[in-house]
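Q: Put chain A on the given structure of chain B with help from the hints.
Residue numbers (UniProt numbering), protein chains in the order written: chain B, 1 to 277; chain A, 1 to 355.
These aren't lab readings, by the way, just hints derived from the structure by calculation.
The structure displayed is predicted, hence computed values, not measured ones.
Every residue, glycine too, gets a C-beta built ideally from N, C-alpha and C.
Take the hints with a grain of salt, since some may be wrong.
[Said to hold, decoys possible] Simulated DEER-style distance windows between Cβ atoms:
no.: 1; chain 1: B; residue 1: Ala16; chain 2: A; residue 2: Leu168; range: 48 to 54 Å
no.: 2; chain 1: B; residue 1: Leu108; chain 2: A; residue 2: Gly232; range: 43 to 49 Å
no.: 3; chain 1: B; residue 1: Val81; chain 2: A; residue 2: Ser8; range: 55 to 61 Å
no.: 4; chain 1: B; residue 1: Leu101; chain 2: A; residue 2: Gln103; range: 21 to 27 Å
no.: 5; chain 1: A; residue 1: Ser8; chain 2: B; residue 2: Leu108; range: 31 to 37 Å
no.: 6; chain 1: A; residue 1: Gln103; chain 2: B; residue 2: Asp70; range: 50 to 56 Å
no.: 7; chain 1: B; residue 1: Leu261; chain 2: A; residue 2: Gln103; range: 39 to 45 Å
no.: 8; chain 1: A; residue 1: Gly76; chain 2: B; residue 2: Arg264; range: 43 to 49 Å
[What the hints assert, rightly or not] Stretch-level coverage of chain A by chain B, calculated; a stretch enters the list once three of its residues show a Cβ under 8 Å from a Cβ in chain B:
no.: 9; stretch: 66–74
no.: 10; stretch: 97–111
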Amino acid sequence: MSRRSKSDSRALWIAAVPMFLLALSCLYPFYFALNNALKDNRGYILDRFGLVNDPTFANFITAWSRARFDEYFMNSFTVTVGAVLALLLISSLAGFALAVLRFPYRKLVFVVILASLMIPVQVVLVPFYQTILALDLLNTRTGLILSYTAFFLPFSVYLMTAFYSALPRELVEAARVDGARFIHVWWFIMLPMGRPALLTLAILNTLYCWNDVLISLLVLQDERTLMVGITALRGEYTTNVPLLSAAIVLAAAPIVILYVLFQRKIVAGIATGAVKG
Amino acid sequence: MANLALSSIEKSFGTVKVIKGVDLEIPHGEFVVFVGPSGCGKSTLLRLVAGLENPTGGDIIIDGEDVTDEEPYDRGIAMVFQSYALYPHMTVAENMGFALRLQKQSKKERRAAVERAAEILQITQLLDRKPAQLSGGQRQRVAIGRAIVRDPKVFLFDEPLSNLDAELRVQTRMEIARLHKKLGATMIYVTHDQTEAMTMADRIVVLRDGIVEQVGSPTDLYDDPDNMFVAGFIGSPKMNFVPCVATGDNQVAFGNVPIQLPALNSSLVKGAEYTIGIRPEHLQSDAGQAVSMNIEAVEQLGSTAFVHGDLVSEQSTCRLVVEMRDQRPNAGDNVQLHFDLKRLVLFNEAGQRVR
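Bound-form chain A, shown alone:
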């Protein structure tokens, strides 16, 4: 049975519909990441699960129980906010034990639960401090500790790493992933950072304009995107898109450059416009369709280099990014690119995948 199920969830603010019918099932113990650009509705969806917003339509089921109309505290969830939201007048221990205090647990029970959580997060030495005396990373741990103490059915994280610096973000990311393994709890994590989503998630939910574009494991979304939006959003640098025209059942052409596609389940409409998608690291295979490109700029990262240039044909040009491992390319060089045909994906005019 799913630990959390969303059924036809809708949410409007006045006349603006922000969530447009989301269906999702999350089994117990899964780490799910909601990802998407700003304004896609991912935080709103999380707040609907938390009970901080009321849905305009649909049902929210947690552990088989319909909690759509329940208050946040009756849903068995805990939430970690982007701004930490620690109570500034309370010590770390009081912050973490606040929920248990409201449940009228004894001081001894509270202290024991708080110390257990503090030990997991290695913040025992901070328990008597006030939030103002903590660094950003420490505050975030306390916020996570406050969630752990409640022993919730579902953990909710709303962009918890956004206020941390880059190094601390990577470190805390790994800690949250480790925590998930240790606690085995269901976690929903909201971020706009696709790297965070890729590194942490069991499953990623990609949202755009209040609609779920695709749900799948990180590698599924990376290798087998359902549409151009997902293909472009997941992966950094993003996937290259090359406009083309169908010239046969499974052949297309970019200008005068013919590109032979692998076998497709559906036939292409001759003369119709399509878009080829290929990731930067798949343009450097040994075999496959060869095209030449003049290098305009090079981003040298040491172990790898991202090369920017224009693919030129008779009628049109197309900007490409190519990953060149263990090479030292220079701007102005001319390189031969080989499309890895096994990794090439095709989208129709509506941006949907053609398989």
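So here's chain B without its partners, still in its complex pose:
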């Protein structure tokens, strides 16, 4: 028995070493950014890897006010909230329809949605840009909200369909017998029961929308979102790394907080999609 527990603990240690290295590789960029954000430019040039001696918040203040990060933050916040709300509403309705309702070509519709998951964004950039131009949505936040909704919808619909398909069909039938129209079934039964999956989707889509550069760069050319603003801080020949680091910390902070608060639900939600799909 004790021999067995000894070999168990050895196996645990063997597994722990690569896991520790993996964690280190993930955490080091955070450390690097935060450490350098607190240095001035001279301090960074003298010792870029060493721990900060004389911490200063000047870079954060500069990034927030002089580099217009307050505006960029509001842009990112508005389009992320708008797109995530649209994604949750549409994917919940579509998932309900695909999982519960019986209509012609239902499976074909689902396959088409799945197929669109396989197409990389880069492949459709030109027709996408032409569509944005044709719809007069260039340089509008609405345009960016609609773009995010369109690009991230297939995965959201797939996840909600998988989640709703796994719920017992009798619940829908009981509600129908109780007097519920289909829209009532969605509102009173499926929407509250889909809360775990919707929460996961909300977090994942917030990550996608908040961190996006490419689509935002195309649609919102006069104004900027936070991530595009960060890339603009890099000069052609020189870069103020402490200022860039402060901007990165500011941009990443909401997402890190969100992830820390809901990390268990994110993992549970991803598992839902993988197993029940």
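A: Coordinates of chain A only, in the frame set by chain B:
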């Protein structure tokens, strides 16, 4: 007027015909049980009545109104599902009052109706709990309560006791029967358990392969089955079947054992093959045709014993089950059996009853 009438109901799933023309009339207040083996179409028939499936042919009439094309909520029915189907995010009271909420009844009216139903089922103390906090039996009561609150024209039960343990099943069975008497409502109950059917039903509908084999009271089906399927399906242990050949107008023989039948309305065809049906408890009468049997195995239940053995004649053997009350038979014993001729039934080669 019938509370519920099914007329030439048919249902196909793709090319597979599951219900093959069912006609049935159920008067108001009757407790009808659909019974049959797995895949016979009994649950499909119930779902057709509920409106959860659309029939391929035929009409469904409830209270004189054709509801064939109506949605489930417009039929005046309530259904209790095998899996309870309680909404997990709602409390017991919210579950029970959900239908009334959809009817836009006030909170006060809803609460009153829910409390009335809860009192009938003695679940008042559970009203603020969530389904996850209830036992299987309690969940089933809530599901029944949800049906009562709707005050439906017809109650539908789809194998509601299947998920309960044996003791709770017997208890809930009696409660549903009591509830039927109290409410006086029409109830249709689906089960594959013939004991449930026998103990609860006013009338039993026996189904096989989408066809109604026989409709009648439990005792009618037990004593006077129309065919070998019904005779074999109703009753536990099942009826004994003894193959025989007609040797006279109302005489048959099992091998070299002649068996004199009671007077029949039709004459037997001499030399044709028939099957005698006799229940295990009718092989122990004082008089009648006597045959001997070697006991192979005994199922001793205390007040009674079921004895298994082979009836042997010159050409063939036939496995029999005999009920012996107040006796202590042992394996290896030889017993004299007496066929109770008044209780003996005869079936032709097609399995249909010869009367």
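Q: None of the hints should be skipped; say for each whether it holds.
A: Tested hints:
Between alanine 16 of chain B and leucine 168 of chain A the Cβ separation comes to about 49 Å, which falls inside the hinted range of 48 to 54 Å. For leucine 108 of chain B and glycine 232 of chain A, the Cβ-Cβ distance of about 47 Å falls inside the hinted range of 43 to 49 Å, so the restraint holds. A beta carbon spacing of about 58 Å between valine 81 of chain B and serine 8 of chain A agrees with the range 55 to 61 Å that was offered as a hint. Between leucine 101 of chain B and glutamine 103 of chain A, the C-beta spacing of about 23 Å keeps the proposed range 21 to 27 Å intact.
Between serine 8 of chain A and leucine 108 of chain B the C-beta distance comes to about 35 Å, which sits within the given range of 31 to 37 Å. Our hint of 50 to 56 Å for glutamine 103 of chain A and aspartate 70 of chain B holds, since their Cβ atoms are close to 52 Å apart. Against the hinted window of 39 to 45 Å, the Cβ-Cβ separation of leucine 261 of chain B and glutamine 103 of chain A comes to about 40 Å, which satisfies the hint. In this structure the supplied range 43 to 49 Å holds for glycine 76 of chain A paired with arginine 264 of chain B, their Cβ-Cβ distance being about 46 Å.
Interface restraint, the stretch 66–74 of chain A with chain B: holds (3 residues with C-beta to C-beta distance below 8 Å; minimum three). Judged by the Cβ-Cβ criterion of 8 Å, the stretch 97–111 of chain A is covered by chain B as claimed, because 4 of its residues qualify and three suffice.
Checked against the numbered hints above, the structure breaks none of them.
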